[in-house]
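From first to last, the protein sequence lines are chains A and B. Residue 50 in our numbering sits at position 50 of the first sequence, with consecutive numbering throughout. Just so we're on the same page, our numbering is the position in the second sequence counted from 1, plus 1000.
Rather than coming from a laboratory, the hints here were simulated on the basis of the structure. Honestly, I wouldn't trust all of these hints.
[Stated by the list, open to error] As a list, the in silico DSBU-like pairs of lysine-lysine whose alpha-carbon atoms are at most 30 Å apart: (1) A:Lys85 x B:Lys1143; (2) A:Lys160 x B:Lys1038; (3) B:Lys1149 x B:Lys1062; (4) B:Lys1143 x B:Lys1038.
Chain by chain, the residues run as shown.
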Amino acid sequence: MQVPILPRVARGETNAIDECLDRYGGLVWSLACRLSPSTSDAEDAVQEIFVDLWRNASRFREDTGTEATFVSTLARRRLIDRQRKLRRHPEPRSIDETGVEYAAPQSSSQMELAEDGVRVTACLEKLRQNEREALELSIYHGLTQTRIADRTGVPLGTVKTLIRRALTQLRNCMQVGSRLHAEGGVQL
Amino acid sequence: MSISGMPDADRWEELQITRLLFGLSLEEQAEFDELAPKMPAEQSELFEQVVASIDVAWSDSKSMPLPGHLRKAIRSRAMEELTTQALQSVDKPTVANAAVVRSSKLPWVVAAACMVITVLTLFSSRQNEPANVVRDATQQRAKLISTAKDLVQVNWNDGPTPISGAEGDVVWSPSQQQGFMRFRGLTINVPTMQQYQLWIFDKNQSDKTPIDGGVFNITSDQEVVVPIQAKLRVQEAYLFAVTIEKPGGVVVSSRERLPLLATVN
């Protein structure tokens, strides 16, 4: 398990900044690239996210989750907020959504993942194909529910149901995994 | 604590998921704010934790390292933030802290006060630096983006005489009368032969006489950030245009070579 860096950032240790960028720069950048409409927009978003991170570093608590999930939570909040503001303008969309290829995400290796990541990867394996696809298109590719419906050819209401069902299952699965792990060191 | 038996539990979950994955509309946000106080606090974080874990598991962090120019800009901004935080935390002790300080740590107070004075002296002398000592434009741009509430941001598009591969954007704050152009792939110019010049078209100005936004050079085919040097007050910009002119720029452009345009919606 990695030693957290954010408490050192919160104490104002300047060398912790470089370590933080080494450890989480790629995570934030890959998220921003996926959830931003252009590279220049992703670059602005990443700068805003790290400002948020420096300012909120002291809020990180080891007992509520891993540092990586704390960072990705802050990053996602900022990125979704930016998306929402951009959505005031008409959303650019492909004329034929079904013709666009969306590559499936590659999970990081078990060696690289923190505990939460390992657990969610195991839980994702238990989802049905259509549930996982809906999650990939929304979480990984940042598509709106309407575009997912266009893409998959299923009604909008069904898309909403699939996403919600998948996240509820993951939530329950992760809670169970977390409890088992705490009680007997069992890992999923 | 489970919320399954609570009224509005379904709607609450739906709003939480929409908020996390797609963002809420104004109406949904109002509904969310109304329901939030009625729901157990820990429930609101469970989905967020799940999505964050998926983001970590699916991240391409190894194959997509943070670009060098971006890392440099973020690092500069971080140093600024840490300095500000240090000043604030020394400057504004809480009541409890103050009591402890008064009772037993007087030498540390003196030391901290000396540090504050030193930092403030350095800070104020930096403010007195001559105007030609320009701080890193990338850093200044990042600061403008994070502080300006009225920020205009538009991408460059091809003008009538485009330069292949040139891209970037313009940010401008009307209230601060400050802005920056960002370019990548714009041809490096030879300043003794020709220079780039920015023109700002203002709704309160004839389009025949746009505001001169300054003459500048492109020194790299990597990202270049250039401060805008508007010669007049810009009230309501609707178009930014880059022309290629003779060294030193011109007062009125013939607009014969106009590679980039950025239109404000």
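query: Taken at face value, is the distance from the CA of B:Lys1062 to the CA of B:Lys1149 at most 30 Å?
result: violated (35 Å)
message: Hinted pair, alpha-carbon criterion (30 Å max): A:Lys85, B:Lys1143. Please report holds or violated.
response: holds (20 Å)
message: Check whether the Cα positions of A:Lys160 and B:Lys1038 lie no farther apart than 30 Å.
response: holds (24 Å)
Pair hint outcome, B:Lys1143 versus B:Lys1038 [Cα-Cα no greater than 30 Å]: violated (38 Å)
Hints 3, 4 from the earlier list are contradicted by this structure; the remaining hints agree with it.
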